[in-house]
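S.K.: Here's the letter readout for the chains.
Protein chains: 4
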Amino acid sequence: MTERADFDAQAMAERVGASMYAEDAASQALGLNVDAMGPGYARIVMTVRADMLNSLKICQGGLITTLADAAFAYACNSHNELTLAAGITVDFVAPAREGDVLSAAANEVSQSGRTGIYDVVVTNQNGETIALLRGRSHRMKDRKTLPTEKDTDADAGNS
Amino acid sequence: MTERADFDAQAMAERVGASMYAEDAASQALGLNVDAMGPGYARIVMTVRADMLNSLKICQGGLITTLADAAFAYACNSHNELTLAAGITVDFVAPAREGDVLSAAANEVSQSGRTGIYDVVVTNQNGETIALLRGRSHRMKDRKTLPTEKDTDADAGNS
Amino acid sequence: MTERADFDAQAMAERVGASMYAEDAASQALGLNVDAMGPGYARIVMTVRADMLNSLKICQGGLITTLADAAFAYACNSHNELTLAAGITVDFVAPAREGDVLSAAANEVSQSGRTGIYDVVVTNQNGETIALLRGRSHRMKDRKTLPTEKDTDADAGNS
Amino acid sequence: MTERADFDAQAMAERVGASMYAEDAASQALGLNVDAMGPGYARIVMTVRADMLNSLKICQGGLITTLADAAFAYACNSHNELTLAAGITVDFVAPAREGDVLSAAANEVSQSGRTGIYDVVVTNQNGETIALLRGRSHRMKDRKTLPTEKDTDADAGNS
Numbered sequence: 001m002t003e004r005a006d007f008d009a010q011a012m013a014e015r016v017g018a019s020m021y022a023e024d025a026a027s028q029a030l031g032l033n034v035d036a037m038g039p040g041y042a043r044i045v046m047t048v049r050a051d052m053l054n055s056l057k058i059c060q061g062g063l064i065t066t067l068a069d070a071a072f073a074y075a076c077n078s079h080n081e082l083t084l085a086a087g088i089t090v091d092f093v094a095p096a097r098e099g100d101v102l103s104a105a106a107n108e109v110s111q112s113g114r115t116g117i118y119d120v121v122v123t124n125q126n127g128e129t130i131a132l133l134r135g136r137s138h139r140m141k142d143r144k145t146l147p148t149e150k151d152t153d154a155d156a157g158n159s
Numbered sequence: 001m002t003e004r005a006d007f008d009a010q011a012m013a014e015r016v017g018a019s020m021y022a023e024d025a026a027s028q029a030l031g032l033n034v035d036a037m038g039p040g041y042a043r044i045v046m047t048v049r050a051d052m053l054n055s056l057k058i059c060q061g062g063l064i065t066t067l068a069d070a071a072f073a074y075a076c077n078s079h080n081e082l083t084l085a086a087g088i089t090v091d092f093v094a095p096a097r098e099g100d101v102l103s104a105a106a107n108e109v110s111q112s113g114r115t116g117i118y119d120v121v122v123t124n125q126n127g128e129t130i131a132l133l134r135g136r137s138h139r140m141k142d143r144k145t146l147p148t149e150k151d152t153d154a155d156a157g158n159s
Numbered sequence: 001m002t003e004r005a006d007f008d009a010q011a012m013a014e015r016v017g018a019s020m021y022a023e024d025a026a027s028q029a030l031g032l033n034v035d036a037m038g039p040g041y042a043r044i045v046m047t048v049r050a051d052m053l054n055s056l057k058i059c060q061g062g063l064i065t066t067l068a069d070a071a072f073a074y075a076c077n078s079h080n081e082l083t084l085a086a087g088i089t090v091d092f093v094a095p096a097r098e099g100d101v102l103s104a105a106a107n108e109v110s111q112s113g114r115t116g117i118y119d120v121v122v123t124n125q126n127g128e129t130i131a132l133l134r135g136r137s138h139r140m141k142d143r144k145t146l147p148t149e150k151d152t153d154a155d156a157g158n159s
Numbered sequence: 001m002t003e004r005a006d007f008d009a010q011a012m013a014e015r016v017g018a019s020m021y022a023e024d025a026a027s028q029a030l031g032l033n034v035d036a037m038g039p040g041y042a043r044i045v046m047t048v049r050a051d052m053l054n055s056l057k058i059c060q061g062g063l064i065t066t067l068a069d070a071a072f073a074y075a076c077n078s079h080n081e082l083t084l085a086a087g088i089t090v091d092f093v094a095p096a097r098e099g100d101v102l103s104a105a106a107n108e109v110s111q112s113g114r115t116g117i118y119d120v121v122v123t124n125q126n127g128e129t130i131a132l133l134r135g136r137s138h139r140m141k142d143r144k145t146l147p148t149e150k151d152t153d154a155d156a157g158n159s
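Chains as they are written, first to last, in our numbering: chain A, 1 to 159; chain B, 1 to 159; chain C, 1 to 159; chain D, 1 to 159.
So here's chain A without its partners, still in its complex pose (with noise of 0.2 Å):
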């Protein structure tokens, strides 16, 4: 790519990240942060709190999952082409405990046809991995993630 197209796809997907987390209330909910968008990439940042322990006083897999599949949401719709989770694995390799902070970072790592595989990390504080998570994206058909020109000149219109 050249420098230019580069500049634009970094752009792209920081407009992404930000149009979807404003319309995304389980990630404002669970205190989720964006802390970084690429193209096929993104950085989420979720502090464990006391209301998402389960009966062993660790993070419910569940949550450690619901921030890993959000990274993985965000990456693959970076590329303003409208994508859903198919799918994912994760295993879970340590506990985490309440007040760790939590960085999931996803990674496109192959696109073919409408499918895309991507990797997601979990790290703690330590730089140690909680969780690993893989998943399957399915693109839809010419739609785009970001609301067309023209719905935001409706929605300008309205306001």
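Honestly, I wouldn't trust all of these hints.
Computed list of lysine to aspartate or glutamate pairs in EDC-like fashion (alpha-carbon distance at most 16 Å, straight line) [claimed, not checked]:
id, chain 1, residue 1, chain 2, residue 2
1, B, K57, A, E98
2, A, K57, A, E98
3, C, K57, D, E23
4, C, K144, C, E14
5, C, K141, C, E81
6, C, K57, C, E98
7, D, K57, D, E23
8, B, K57, B, E3
9, A, K144, A, E81
10, D, K57, C, E23
11, A, K57, B, E98
12, A, K141, A, E81
Honestly, the hints are just simulated from the structure, not real lab data.
Following the hints, put chains B, C and D in place on chain A, whose structure we already have.
M.R.: Only chains B, C and D this time, still in chain A's reference frame:
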């Protein structure tokens, strides 16, 4: 099994379910309800709330996973052998929307040594399949899910 | 379905199974036998040979997977819609040894759009579970598994 | 690690690879070659033969899995701790055809207690990704992959 053993296994599963839920902040915060427990079995219900939706206004896949993972965890502890989730594979079959009542039914498929395989089916209020989870569990050596009688006595002594 | 439709679906599945096997060099080389076909269903049998053992003198896991994957492929093509495996998850539950007769039974679990989920259980001659496979299939658009009548006519004309 | 420890770990991995392959009938029958061994690493090569093709004239997915699973098995035994595959997830990215030379490179991603996670990438002679495997391994307690010196002596005595 004799009828007596069946009865005991059922009663144990119910005791484990109640004991786990009482200490399970994450399940309580997400409004999960343990609908049924049995030996190698659990069914848990969750209503999709507005704060569980992602930017597409469908339930975040990680939160569907959290429900399914909870059913898996309760089922694999139902024999009162302390057991952790080692890994999961989730396929997202159909989207869930605000107000949908999701039910996750977990069944033991195999148990060999300290490793178990559990299948969880998540359906909505119309009986449609929303997601499928397959979980791999790892049983801890010589540890019970329920607090020991000794611990219970000690607790009683303190109160 | 009416009885007639059931009959037609069963007959179609059997035609697909026979047609696939006739061209399936890998299944023939490994001694696989298609034991049963039905709509969304296939059962394939393999006897573990000496040349399927790894250094531990147990059947190589990939070859157990090959058996299970074949059952998956035959089941997901049983409707005569050309379908490919997109991904699989396999859990190895117990080892298989030389002379063991392994049977892989594949069942359709869900079909939504062009994506299907299939479960395969591999058992040995004693009914013990050896492995579990869950497969994700992808149906090609407007393509049949069976050669078209036109192709068949052309083939006939050549012979 | 010191240079000396690095050297020893590399030499051990190579000894394990040679010892495993000498007894590995399945890998020999399928024409697999162990191209490289290292600590937590293995690379194995397979040429797609006519008898590996399915009815679509592409390499049966289970045989691609067999190659990837072999690389996984060699990598997770490279430390000379006897280790078995517990489960695998495979994504099929692109088809492989007769004559293609497939290379499977396996890397240790995490090791915690007796459970390991390994990633395997299968590429063809053009460097295109054909499949991705993620494997979960289980290390046996107090057992070595290499035959013990005592066993070796006994074998020597018998010959």
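S.K.: If a hint holds in the structure, say so; if it does not, say that too.
M.R.: Now the hints, each set against the structure:
{"no.": "1", "hint": "K57/B <-> E98/A", "in the structure": "violated, 29 Å"}
{"no.": "2", "hint": "K57/A <-> E98/A", "in the structure": "holds, 8 Å"}
{"no.": "3", "hint": "K57/C <-> E23/D", "in the structure": "holds, 8 Å"}
{"no.": "4", "hint": "K144/C <-> E14/C", "in the structure": "holds, 15 Å"}
{"no.": "5", "hint": "K141/C <-> E81/C", "in the structure": "holds, 8 Å"}
{"no.": "6", "hint": "K57/C <-> E98/C", "in the structure": "holds, 8 Å"}
{"no.": "7", "hint": "K57/D <-> E23/D", "in the structure": "violated, 31 Å"}
{"no.": "8", "hint": "K57/B <-> E3/B", "in the structure": "violated, 48 Å"}
{"no.": "9", "hint": "K144/A <-> E81/A", "in the structure": "holds, 5 Å"}
{"no.": "10", "hint": "K57/D <-> E23/C", "in the structure": "holds, 8 Å"}
{"no.": "11", "hint": "K57/A <-> E98/B", "in the structure": "violated, 29 Å"}
{"no.": "12", "hint": "K141/A <-> E81/A", "in the structure": "holds, 8 Å"}
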